[in-house]
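Chains A, B, C and D are the protein sequences, given in the same order. Residue numbers for the first sequence follow full-length UniProt numbering, beginning at 1 and rising by one. Residue numbers for the second sequence follow full-length UniProt numbering, beginning at 1 and rising by one. Residue numbers for the third sequence follow full-length UniProt numbering, beginning at 1 and rising by one. Residue numbers for the fourth sequence follow full-length UniProt numbering, beginning at 1 and rising by one.
Don't take each hint at face value.
A pair holds if it fits inside one copy or across any two, identical chains being indistinguishable in the list.
To be verified - Taking lysine-lysine pairs in the BS3-like style, the calculated list, with each CA pair at most 25 Å apart, reads:
(1) Lys-260 with Lys-326
(2) Lys-412 with Lys-370
(3) Lys-357 with Lys-326
(4) Lys-297 with Lys-184
(5) Lys-184 with Lys-305
(6) Lys-301 with Lys-397
(7) Lys-426 with Lys-184
(8) Lys-260 with Lys-415
(9) Lys-370 with Lys-166
(10) Lys-397 with Lys-292
(11) Lys-45 with Lys-79
(12) Lys-297 with Lys-373
(13) Lys-426 with Lys-79
(14) Lys-98 with Lys-260
(15) Lys-357 with Lys-166
(16) Lys-397 with Lys-367
(17) Lys-260 with Lys-412
(18) Lys-412 with Lys-373
(19) Lys-184 with Lys-357
Simulated from the structure, these hints should not be mistaken for lab results.
There are 4 protein chains.
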Amino acid sequence: MSQGIKIVTIGGGSSYTPELIEGFIKRYNELPVKEIWLVDCEAGKEKLEIVGNLAKRMIEKAGVPITLYMTLNRREALKDADFVTTQFRVGLLQARIKDERIPLSHGMFGQETNGAGGLFKALRTIPVILEICKDIEELCPNAWLINFTNPAGIITEAVNRYSNIKRVVGLCNVPFDMHTAIAKIVERPRNEVHITMGGLNHMSYVTGVYVDGEDKTEYVLNRWGSQSMNNITGTEWNNAFVRELGAIPSPYHRYYYMQKESLEEAIIKFQQHGTRAETVKKLEDELFELYKDTSLKEKPKQLEKRGGAYYSDAACNLICSIYNDKGDIQVVNTINKGAMEELEYDEVVEVSAVITKNGPIPLAVGKLPKSAKSLVQQIKSFEVAACEAAVTGEYTKALYAMMINPLVASQKYAKIVLDELLEAHKDYLPQFFKEV
Amino acid sequence: MSQGIKIVTIGGGSSYTPELIEGFIKRYNELPVKEIWLVDCEAGKEKLEIVGNLAKRMIEKAGVPITLYMTLNRREALKDADFVTTQFRVGLLQARIKDERIPLSHGMFGQETNGAGGLFKALRTIPVILEICKDIEELCPNAWLINFTNPAGIITEAVNRYSNIKRVVGLCNVPFDMHTAIAKIVERPRNEVHITMGGLNHMSYVTGVYVDGEDKTEYVLNRWGSQSMNNITGTEWNNAFVRELGAIPSPYHRYYYMQKESLEEAIIKFQQHGTRAETVKKLEDELFELYKDTSLKEKPKQLEKRGGAYYSDAACNLICSIYNDKGDIQVVNTINKGAMEELEYDEVVEVSAVITKNGPIPLAVGKLPKSAKSLVQQIKSFEVAACEAAVTGEYTKALYAMMINPLVASQKYAKIVLDELLEAHKDYLPQFFKEV
Amino acid sequence: MSQGIKIVTIGGGSSYTPELIEGFIKRYNELPVKEIWLVDCEAGKEKLEIVGNLAKRMIEKAGVPITLYMTLNRREALKDADFVTTQFRVGLLQARIKDERIPLSHGMFGQETNGAGGLFKALRTIPVILEICKDIEELCPNAWLINFTNPAGIITEAVNRYSNIKRVVGLCNVPFDMHTAIAKIVERPRNEVHITMGGLNHMSYVTGVYVDGEDKTEYVLNRWGSQSMNNITGTEWNNAFVRELGAIPSPYHRYYYMQKESLEEAIIKFQQHGTRAETVKKLEDELFELYKDTSLKEKPKQLEKRGGAYYSDAACNLICSIYNDKGDIQVVNTINKGAMEELEYDEVVEVSAVITKNGPIPLAVGKLPKSAKSLVQQIKSFEVAACEAAVTGEYTKALYAMMINPLVASQKYAKIVLDELLEAHKDYLPQFFKEV
Amino acid sequence: MSQGIKIVTIGGGSSYTPELIEGFIKRYNELPVKEIWLVDCEAGKEKLEIVGNLAKRMIEKAGVPITLYMTLNRREALKDADFVTTQFRVGLLQARIKDERIPLSHGMFGQETNGAGGLFKALRTIPVILEICKDIEELCPNAWLINFTNPAGIITEAVNRYSNIKRVVGLCNVPFDMHTAIAKIVERPRNEVHITMGGLNHMSYVTGVYVDGEDKTEYVLNRWGSQSMNNITGTEWNNAFVRELGAIPSPYHRYYYMQKESLEEAIIKFQQHGTRAETVKKLEDELFELYKDTSLKEKPKQLEKRGGAYYSDAACNLICSIYNDKGDIQVVNTINKGAMEELEYDEVVEVSAVITKNGPIPLAVGKLPKSAKSLVQQIKSFEVAACEAAVTGEYTKALYAMMINPLVASQKYAKIVLDELLEAHKDYLPQFFKEV
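Just need the whole structure built from these sequences, with the hints factored in.
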């Protein structure tokens, strides 16, 4: 890194890329990026060009000496990279539409990070990320892989289990948003509020809130009840439940603790407006129209509506802390190493960690409530089963993963939905269609 | 016990009593019972007389020197008892009807051992069993309490947590039925087939099957797929799932792994035929008509249809093994003591145990599958929450127990059903309606 | 086994063999042994013949239809064996003399199952037992290996870790002797006293004593203080310590809790009388003189002085329970399977277990005292290190095993004694003297 | 703290105090101390005055607006304190002489933090620290208690178990010295070298070394073999052992892994030069002669020979990080909270932790080697037993603590030394001499 940092972004044609570019520009003084390589595949070529050109205009306007490259040749890009970020989507939004539509059409949750949809996104993504890992091992063995491709927890677990890459961190914007929401409750700026957080991606709880040396956890527990995120309908928590639980649930927990009503809403929405993926697709099309405008030289405001805001910012933050050995605390997906007794020593968890040049060191975030412990373990057993299914391509393992997922919870519909999704995603799941 | 054994049966007016009496008569040679005291409450007085008189006729016909007493005075009965069996139902079948009807009317499982119904049966029963424990402590401190009042796991956990009684064992007929079903698969008599079983009541798995010194677990796993019990509709297991799971699920697991279809069926049945409790009530009425017939001097065949057959036989078996220090292996609800790493050292588990004069010693039954481990822990967290709610009478704790139960999984309906059930069972839940 | 049981005894020339033969004769009715094969190596040929002929005379006198074979050909003997017992000593008593003499001459414990001596007995024995395991796998894959070659715990751990043999049980006479001593304290016959025991070989504690359904653990703890075994000098326990500990230590624990005085005594004894091995050798020579007497047709009384009495009886008992699927409780060395939380799931422990046709199933024997837990783990870490050293032949690993052993506890003397013992046992430790 | 920080130092008459004062002076800009209260008892009055006056001269010379108070009235001092540091010695060096002399005279380790000596220092100190805790609770409930009274681990454990004070941190200079030694090996400044450390006070291991984002643990393990501290004779580690161990032992580990030779040396030294305490006493007397010199206005160089250098610096560092919410990593004695699976969740460990305004948050420092795990647990079982003995004053518990300590390891000498030490320290151990 002596002559400046080389960043490679797989899935560079994503609509999120302007946020990422903005993040690097903003931090240039402490994070001297020399090269950014946006990589995409043939199918994403057009989007790559649109967003890549916007990125170039942004850099030019900012006047920082970053060189931006666009390429379909991943191996060329990876050579000697310092950081590799991944934000690709196998099968593009078309695939996500199926992940949502098929389960929903059988009265089952259809969502891209949980349940049947999350499983299929994992099944498509894992073989690709493992290929990327092999390339990294060969072409840039010292690079850090910063993954924010969803389902981020499962993808990071798969890298941990099935590749030789140790320098991997998974990222999500939920912890960032939780932190922000908590800061609002205690009426302090975000950076003056410490939180400890632990669990799994989209399944982590805030276990502690500290302000000015005082434990404000009880204070926040007593007020937690109406925080929600953009892309999740704002059903409120019954505060009595939160207090009894004794840890602060994330918005994604509503899929579990408010399963029935969430599903009812989702089905109604689906029947009235189609899938979330279709809405997103429309939004994306509009965004790319904007991006094409050569007078646009910064991240457009509209991107924030897209959902997943702060993902890229979280990534830049993390990269910056690793590069500068900052030792600040961030919530990341990394190997447990005993920080959470709820999960195995070698499993990937989402946990508060000190970020050093040598990567994240998880903090002892305390015990989860008894009921949360088992829920977290249940999801981890699903994640592991999903990884095994993705790697082996065995039908039985995929069925098993479906059936043990608490958002599926049906032998009958597990099979129906599994069979339809396998057929629908056939082109992206060669491991399940090997000739014998 | 030097002058013969004294048995006290709380809920002696139950329709199951003839099976219990038959069990003691059959075993008289090795289990010399001197006195059986059938105890019931005012509301059960009539049934007590009917069934007590049948019991007397049975004993007389058998020609064994057992004296049978009927009483509404529990404390008188308990004095110097050797074994106390509990099979009472607070609120009688009327209460069970509500436990089933109210949840089902909101599209939620209504069942007397799981979900909302199981919770309410526990809330009504725990205060009563703890009173009984106090009496035992005072009047027959060396007695063994053999509980088969449902939900047997939660009740035993409550005794373990909130009384001073250490000599308590919880019993269920499911392990017996599993053993029988497995014996059929390996085509051997029951007593030639060893099984190891572990988990929680209505949530335990067979982890090993051994015949003639050989491990037949794989063999049975490969064939498990259509075993069912009388009172559970016979949906079949997908054998691929069972093999991948690697442990043999019980019929009650279908509420979890086949949740959606089970619920659909249950709702249809409810809409067409009313609750299971109502069916049972009709059956019971018929049974008591039979019992009244003074020419009847043995357990009538019709009792077997009642569901829960072998409960009483299991109880007699257990009492016989304790009394004779047999050292045979039975599946019971008892304190874990480290036998199952999935659960806390001091929690009640359902597990294979050696039965000695000093009570059950659990066996190391091996690890449960990762996904089963978390499911078992989830149910245990519910059980503990149910105990706390029952003992404190706090609304918040009851709501919490509802919300963490995977058969409820709804904040909205948890509250609705909770409120209706509390109102419906008001008379039996004084702890929730204390004047402040 | 349909036509009678075939027993193979490796180290058949041992002076213990008459006890073993007596054990099989006594149990003939329930354990119909057809063939006993005594196997030994060239160096033990003469002893094999002496003891083998005595065995034949014993069988003849008893009038049971057992055929006895003597052979130096292990593979011939193993063919289709049902049970293989091992009681061999690599390097004979000459080696044991060195195991005791060399450490003692440097002021360190010299003893054949603990400390430096135990380590070297393990280093010599493990390669041989692993060869035997390979033969068993090939020639009698369904046989049970009953090991009582010392250090029995380490040898069983080595088989568990480094062979494919699953049907292995390690045995020791200490639990038997503890049981007997406890029975004396409660003044009841041995078979009316239940004990639960857990830990490691020569490092296990009695955690519970039950008589006639009553917990007598406190009673025995309050009286434990002067039980000793033949081959361990009778220093008494301070009963206050035992009570505070809360579990009953075995005689071998004095090496740890009375380390200094035991060592002082051992050194004085060594200086005055030489090693225990030399005493034993003299005793053995006398025994073999007796054995030669063709008029001797039974186990001579003098054998009981030998130390290790009841080893063979314990073996016959175990074999009998496996063969007959007895389901009784015995203390054996077997895989933990979670029974003791103090040790890993897959490690070999010495624990009360139910003996079935499918082998031992450990019982949940309860928690060890906090201080005992760590001691047991420390010894297990030594055992594992000893296994690794034996299998790899790496000097560093042997040094490490020495240094972590609490009876060595010296870097300086660890090296000195290690080097001397390696040189002294060169012929039996080829793995440490590989040409590079 | 709005108007400047108030520091209270119990044992203010200690010879270390000048180092502490220097620490506060140096850090004045970031740590605006307003008042320092040096507290001592009647017996320490003279020393308090000498060192207090030196402290005043130091502050005056530095020109910082800190006011220094000297008092024998602890309660007056504690009122509204922000930080309380403890460095007192019950019974002064006279007591330490006995802690060393009596065990050594029976051939046992005599040392003030380990073994019999450590136990007695704990027995004398714990009742006093618990009194201090009560005062803190009443007079300055928001204060942080920074303990560096030895044995620091046991004292912190006692506060954790037997007081209501949650804001307590124990400190030792060994981690600081280890860090320094490791920095030398990797040839980098101390602040560029990250270490992770875990275990117990005087029993912690470095589990990781990271420099510039690279894992240098192997590198240091391969070179660790001659690091020693001032007050521990410089026997070298056999590097082969360290490599096989896989974690870096501290100088105090030589008491365990080099027990025999350390004891031999200690006894020779004792016979030739008397106790270390006597040497220290001489040194102290010289120091106080120096301190009296009114021309001395800074910490004299000679203090560094005293042993325990950097203790006070470590304390200032910690206070500074808490006050400024620095988030840097320091090794402290604090509650485990699951960071180390080797020890209980609620036990005090010595561990790398992030230092925040809300106190230390332990890091997941990874697993200790199997053999180290058990050693650490063994010492913790001793620590807990020592706390119980100190609080109850029960002879049996003190005997138990002695016997389970691996540096005692003798029933016979445990009793002899215990009895002599109890008699010798009678005045400071009222809890053991209660009238019945």
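We went through each hint and held it up to the structure:
no.	hint	verdict
1	Lys-260 with Lys-326	neither (44 Å within a copy, 45 Å between copies)
2	Lys-412 with Lys-370	between (30 Å within a copy, 22 Å between copies)
3	Lys-357 with Lys-326	both (8 Å within a copy, 18 Å between copies)
4	Lys-297 with Lys-184	neither (32 Å within a copy, 51 Å between copies)
5	Lys-184 with Lys-305	within (20 Å within a copy, 53 Å between copies)
6	Lys-301 with Lys-397	neither (43 Å within a copy, 45 Å between copies)
7	Lys-426 with Lys-184	neither (46 Å within a copy, 41 Å between copies)
8	Lys-260 with Lys-415	both (21 Å within a copy, 13 Å between copies)
9	Lys-370 with Lys-166	between (31 Å within a copy, 23 Å between copies)
10	Lys-397 with Lys-292	neither (44 Å within a copy, 56 Å between copies)
11	Lys-45 with Lys-79	within (21 Å within a copy, 69 Å between copies)
12	Lys-297 with Lys-373	neither (47 Å within a copy, 53 Å between copies)
13	Lys-426 with Lys-79	neither (32 Å within a copy, 54 Å between copies)
14	Lys-98 with Lys-260	both (22 Å within a copy, 22 Å between copies)
15	Lys-357 with Lys-166	within (14 Å within a copy, 32 Å between copies)
16	Lys-397 with Lys-367	between (31 Å within a copy, 20 Å between copies)
17	Lys-260 with Lys-412	both (18 Å within a copy, 8 Å between copies)
18	Lys-412 with Lys-373	between (28 Å within a copy, 23 Å between copies)
19	Lys-184 with Lys-357	between (31 Å within a copy, 20 Å between copies)
Checked against the numbered hints above, the structure violates hints 1, 4, 6, 7, 10, 12 and 13; every other hint is satisfied.
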